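Could you build all of it, start to finish, from the sequences and the hints given here?
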Amino acid sequence: MGWTRKQIAARAAAELQDGWYVNLGIGIPTLVASLLPPGIDITLQSENGMLGLGPYPTKDEVDPDLINAGKETITELLGTSYVSSAESFAMVRGGHMDATVLGSLEVAEDGTMANWIVPGKMVKGMGGAMDLVSGTPRVIVLMDHVSKDGTPKFRKTCSLPITGLNVVDTLITDLAMFKRDNRQSPFRLVECAPNVTPEEVQAKSDAHFLM
Amino acid sequence: MASKRYDNAAAALDGLLFDGMTIAVGGFGLCGLPETLIVALRDSGVRDLKVISNNAGVDGWGLGLLLESRQISRMVSSYVGENKEFERQHLAGEIDLEFCPQGTLAERIRAGGAGIPGFYTRTGVGTLAAEGKEERIFNGERFILEMALTADLALVKAWRGDERGNLVYNKTARNFNPVVVTCSHMTIAEVEEFVPAGAIPADHVHTPGVYVKRMVPADINEKRVEKLVTRSED
Numbered sequence: 025m026g027w028t029r030k031q032i033a034a035r036a037a038a039e040l041q042d043g044w045y046v047n048l049g050i051g052i053p054t055l056v057a058s059l060l061p062p063g064i065d066i067t068l069q070s071e072n073g074m075l076g077l078g079p080y081p082t083k084d085e086v087d088p089d090l091i092n093a094g095k096e097t098i099t100e101l102l103g104t105s106y107v108s109s110a111e112s113f114a115m116v117r118g119g120h121m122d123a124t125v126l127g128s129l130e131v132a133e134d135g136t137m138a139n140w141i142v143p144g145k146m147v148k149g150m151g152g153a154m155d156l157v158s159g160t161p162r163v164i165v166l167m168d169h170v171s172k173d174g175t176p177k178f179r180k181t182c183s184l185p186i187t188g189l190n191v192v193d194t195l196i197t198d199l200a201m202f203k204r205d206n207r208q209s210p211f212r213l214v215e216c217a218p219n220v221t222p223e224e225v226q227a228k229s230d231a232h233f234l235m
Numbered sequence: 014m015a016s017k018r019y020d021n022a023a024a025a026l027d028g029l030l031f032d033g034m035t036i037a038v039g040g041f042g043l044c045g046l047p048e049t050l051i052v053a054l055r056d057s058g059v060r061d062l063k064v065i066s067n068n069a070g071v072d073g074w075g076l077g078l079l080l081e082s083r084q085i086s087r088m089v090s091s092y093v094g095e096n097k098e099f100e101r102q103h104l105a106g107e108i109d110l111e112f113c114p115q116g117t118l119a120e121r122i123r124a125g126g127a128g129i130p131g132f133y134t135r136t137g138v139g140t141l142a143a144e145g146k147e148e149r150i151f152n153g154e155r156f157i158l159e160m161a162l163t164a165d166l167a168l169v170k171a172w173r174g175d176e177r178g179n180l181v182y183n184k185t186a187r188n189f190n191p192v193v194v195t196c197s198h199m200t201i202a203e204v205e206e207f208v209p210a211g212a213i214p215a216d217h218v219h220t221p222g223v224y225v226k227r228m229v230p231a232d233i234n235e236k237r238v239e240k241l242v243t244r245s246e247d
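Respectively, the protein sequence lines represent chains A and B. Residue 61 in our numbering sits at position 37 of the first sequence, with consecutive numbering throughout. Residue 165 in our numbering sits at position 152 of the second sequence, with consecutive numbering throughout.
Since the hints were derived computationally from the structure, they do not count as laboratory data. Note that the structure is predicted; figures quoted are calculated from it, not measured. Please note that a few of the clues may not be correct.
[Said to hold, decoys possible] 20 Å max Cα-Cα, derived EDC-like pairs, lysine to aspartate or glutamate: (1) B:Lys184 <-> A:Glu100; (2) A:Lys145 <-> B:Glu205; (3) A:Lys83 <-> B:Glu235.
Here's what the structure looks like:
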């Protein structure tokens, strides 16, 4: 069993608080926007220079000058603002975002993460990921618990080139959610997906965490 | 004041190009790209270009055109996905690539335009992006030194421009353009619409004319959409 992609995103959405400014990464994190609990109003940032992301456009609303960081067509809201890339990253690097939600290839037990390159295979670049994880006070990572061949992705150390050292605060996988009190603390298993036991989570992890 | 306006991109580029030069280009993906100037650059045949740009275009469009024609020898970018020819040239060692985190890239260009030689940032500490860079501790936290970027020529795309060179960008087509416009002493802006001085209210100018040396009409204005995503009518 375990959580579906949508359930992982919903679990992440429940971690966000009313009034927060949040940057959502590409993939599962994008689903978070449509799964917010009632009464939670957050402002989404897109690092290509937009604060206040609206929903996808209808066919008639499509504007090639209006895209998100995933290069998808998008719309604005009442109160949206547009800024330059420098201003956009000043918001991120200056610690003005409340949270960022992003995917990862690996997370280590000390909060180090790797999500931007698989040497010799996937060489696309880090984009804004390094800025987002090193500049945002709350970093929430969503990923599968193990890779397709069963290798644990929650590990003692990352095997891939890293994106940021000791940056992850919350990790949500298809099997469980882990949190840590601060960046000096270890991760703690706080919730298992339905029909998943803590023992199974431990068996499928290479990382040390508190039960 | 002599007019900054040129009839077309080829005329504006005339006399400015040389092999091995560094060119900074605005845009994010295919959004806010100086399409007309990129095509003119290709047609000029200038070679061995060092290009500073967040992305590398796609196969067959944007900077992808200059990659296909082998006019680029080095790129500084944060993300080059969506471009198979680039990936092929890079993996084959035919093109030199410096990956730079996107916020660091924007700030390096901004710093170059503002006369700041370098700055410290926590972005990239402990990663491949920190290799060979000075590290320094401030208030107990690690930072790396990043150097400013400047260019022999900067190319940007604006929505409106007036005869003084004041520019306004449209929505997320702004992106890197307002920083790239500052990082060279020879910047050419390609504009969708020329307006008389005063048509852009002084408080609404995004880029003041001091940064813009030449202006050309955006004769090519395809504005290709990389990922069309729509919702059904409510």
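Hints the structure violates: just list their numbers, smallest first.
-> Violated hint (a single one): 2; every other hint is consistent with the structure.
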